[in-house]
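Engineer: Chains as they are written, first to last, in our numbering: chain S, 302 to 636; chain X, 9 to 199.
These are computed hints drawn from the structure, not numbers from a lab.
Note that this is a predicted model, so its numbers are computed, not measured.
Beta carbons: idealized from backbone N, C-alpha and C, even for Gly.
Heads up, some of the hints might be wrong.
Keeping only pairs whose Cα atoms sit at most 20 Å apart, straight-line, the calculated DMTMM-like set for lysine to aspartate or glutamate is [claimed, not checked]:
#1 Lys380/S <-> Glu28/X
#2 Lys171/X <-> Asp601/S
#3 Lys179/X <-> Glu313/S
#4 Lys538/S <-> Glu133/X
#5 Lys36/X <-> Glu360/S
#6 Lys538/S <-> Glu28/X
#7 Lys171/X <-> Glu360/S
#8 Lys126/X <-> Asp346/S
#9 Lys36/X <-> Asp346/S
#10 Lys94/X <-> Glu150/X
#11 Lys171/X <-> Glu358/S
#12 Lys380/S <-> Asp12/X
Derived, one-sided and incomplete: chain X residues facing chain S with beta-carbon distance under 10 Å [claimed, not checked]:
#13 Phe95
#14 Arg153
#15 Pro155
#16 Thr158
A few chain X residues that don't get close to chain S, going by computed Cβ distances all over 12 Å [said to hold, decoys possible]:
#17 Phe31
#18 Asp53
#19 Glu58
#20 Ile64
#21 Val120
#22 Asp128
#23 Ala129
#24 Arg138
#25 Leu163
#26 Ala178
#27 Thr180
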Amino acid sequence: MSMNRHPIEQEEFMAYLDGELPADQASEALTHLELCPECQTLVADFRSVSQDLMAWEVESPEPGISSQINAALEERLQKRESAKIRPPRFENRVMTNRWVWAGALAIVCVAVALTLTLTSRNRNEDRSTAYASMASIEQYLMPDRNAEIALARSAAPESISDDAQILVLGWRGYETAIEGKNGFVCLVERSWTSPFNSAQFWNPKVRVPGCFNPAAARTILPLTIKRTEMVLAGLSKAQMIDSIKAGFDNKELPAPEPGAMCYMMSRAGYLSDAIGHYVPHLMFYFPLTDKSSWGADLPDSPVTLNPQFQGGPEPITEFVISVGKWSDGTVAPVM
Amino acid sequence: MTSDEALMLEFQGGSRAAFEELFARYRKPLYGFFGRRLNNPERADDLVQETFLAVIRAASRYEPRALVRTYLYGIALKLLAVERRKFLTSSTSGQSAPEPKTDGTPDYVLWVRQALEKLDAPEREILMLREYEQLSYSDISELLRIPVNTVRSKLFRSRLALKSYLESEAKTNPSLRPNTAQPHQRRRGMQ
């Protein structure tokens, strides 16, 4: 591979695949990759090696914390406590013994509870650690364009989605598959629209169909578009957060327009490993506001605060109201 | 989700729950780390426990300058080096290190394992840290105390060499590749 024909070297391609290239070089690599069959072969070779290596899985046993660790843990925690609490001046021997026994009993109870907890946690461990980094881009793409269009449309009743603009995800970001007539825009969001600290952020199985109304298409959809472009360009989470903050600071990213909302009524979506397709719901967007202004999360309130933007770089508050029917009109559970 | 670093600081402050969460997050990845390098499940499990014991004992000295992930694998690498030295000593005194267990190991795993064994040890370690532990180039550089550019160039060489070893063996025995032989649940691959 000569530098005359290829703007970046093989080693840099590898770094790109590992997510180790700066954003500008990553973008250059991606652009070239789309046009260069030779480089696509190289990339396929690297991925093939990586996948072959993944064949070697190590089955882990399921023990909890060993007694040795428990003892060390107790010792450390007790040392901390005794450093904080001055011992009584006059000790009552009987009482001391009673407390020793009570303490021992408590330790046994904690150990049993801990073992049970960890056994349960271990079963779920794959879920929490399985998506530590981005998977290959192909895993986030849907090979069947028509299936992605149908899934996007399933976010809202046909009366809305039939005339909506439909976006599908390609190698470089979202592209228009079908032009719309009513100002709504439907698409299937991917895992990176989750909060940045979410364990699902890189889950390639996530498919979130949504139909934005015109106000949200103008002011919320750009966030999805921007996050997606940055992910595909190989930016780190920290770079993405900085870029989003800067986007709001310099007004490149708009504040939510009054009335901005989104339909999420698909029964075919996959929102996370924990909640699957969830329940049909509507989402409403506002500039940062207190959740009490909507009575969100109060007992028996149908309104909940969506954590999507909580603590994130986007100064947006998002409320969710679940509804009783999927987009096809069938009855659904309401949370 | 609370970050590893925040959990570590909470544990420093006396939170047992924070330790339990870290244990739950890293027990399996650490088991994989030792399991692949020692091919001895019992010792792998022991060393996972020893890693966490070291975390408990050194908790007061932890400073959030490095990621907890890197910190844990740093401890693991040290324990691994000690373990290997033990085997070296015992083998020079007449005892030999146990052979890797192959009973019931699928052919495609042996194929990968044997190809990895053909690599130079330092390059193999870099490759494994990247592929299995998913560490960044700078994390590996910090752990192995080598420049980032060296990490990158050695990683590149080792991947090409491994591809060549894997391909040559697969040509003579095409059923080795898991996607053409046994059904196999793939984990995440290269990004």
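Engineer: Does each hint fit the structure? Answer for all of them.
Structural biologist: Here's how the hints hold up against the structure:
1. Lys380/S <-> Glu28/X: Distance of about 18 Å is within 20 Å: holds.
2. Lys171/X <-> Asp601/S: With Cα atoms ~59 Å apart, Lys171/X and Asp601/S exceed 20 Å; violated.
3. Lys179/X <-> Glu313/S: Violated. Lys179/X to Glu313/S sits at ~28 Å, over the 20 Å cutoff.
4. Lys538/S <-> Glu133/X: violated, 27 Å
5. Lys36/X <-> Glu360/S: holds, 9 Å
6. Lys538/S <-> Glu28/X: violated, 26 Å
7. Lys171/X <-> Glu360/S: violated, 25 Å
8. Lys126/X <-> Asp346/S: This hinted pair holds, its Cα atoms lying about 19 Å apart.
9. Lys36/X <-> Asp346/S: violated, 29 Å
10. Lys94/X <-> Glu150/X: Answer violated: Lys94/X to Glu150/X is near 25 Å, above 20 Å.
11. Lys171/X <-> Glu358/S: Roughly 19 Å between the alpha carbons, so the hint for Lys171/X and Glu358/S holds.
12. Lys380/S <-> Asp12/X: violated, 23 Å
13. Phe95: violated, 19 Å
14. Arg153: violated, 19 Å
15. Pro155: Since the shortest Cβ distance to chain S is 14 Å, the answer is violated.
16. Thr158: Violated, about 12 Å.
17. Phe31: Non-interface label fails for Phe31/X: nearest chain S Cβ at 6 Å, not farther than 12 Å.
18. Asp53: With a cut-off of 12 Å, Asp53/X comes too close to chain S, as the shortest Cβ separation is near 6 Å.
19. Glu58: Contrary to the label, Glu58/X does not stay out of reach of chain S, its closest Cβ about 9 Å off (not over 12 Å).
20. Ile64: violated, 5 Å
21. Val120: Answer for Val120/X: violated, closest chain S Cβ roughly 5 Å.
22. Asp128: holds, 16 Å
23. Ala129: Label holds. Min Cβ-Cβ 17 Å, cutoff 12 Å.
24. Arg138: Incorrect as stated: the minimum Cβ-Cβ distance to chain S is 7 Å, not above 12 Å.
25. Leu163: violated, 7 Å
26. Ala178: The claim is violated: Ala178/X sits with its nearest Cβ about 9 Å from chain S, within 12 Å.
27. Thr180: holds, 16 Å
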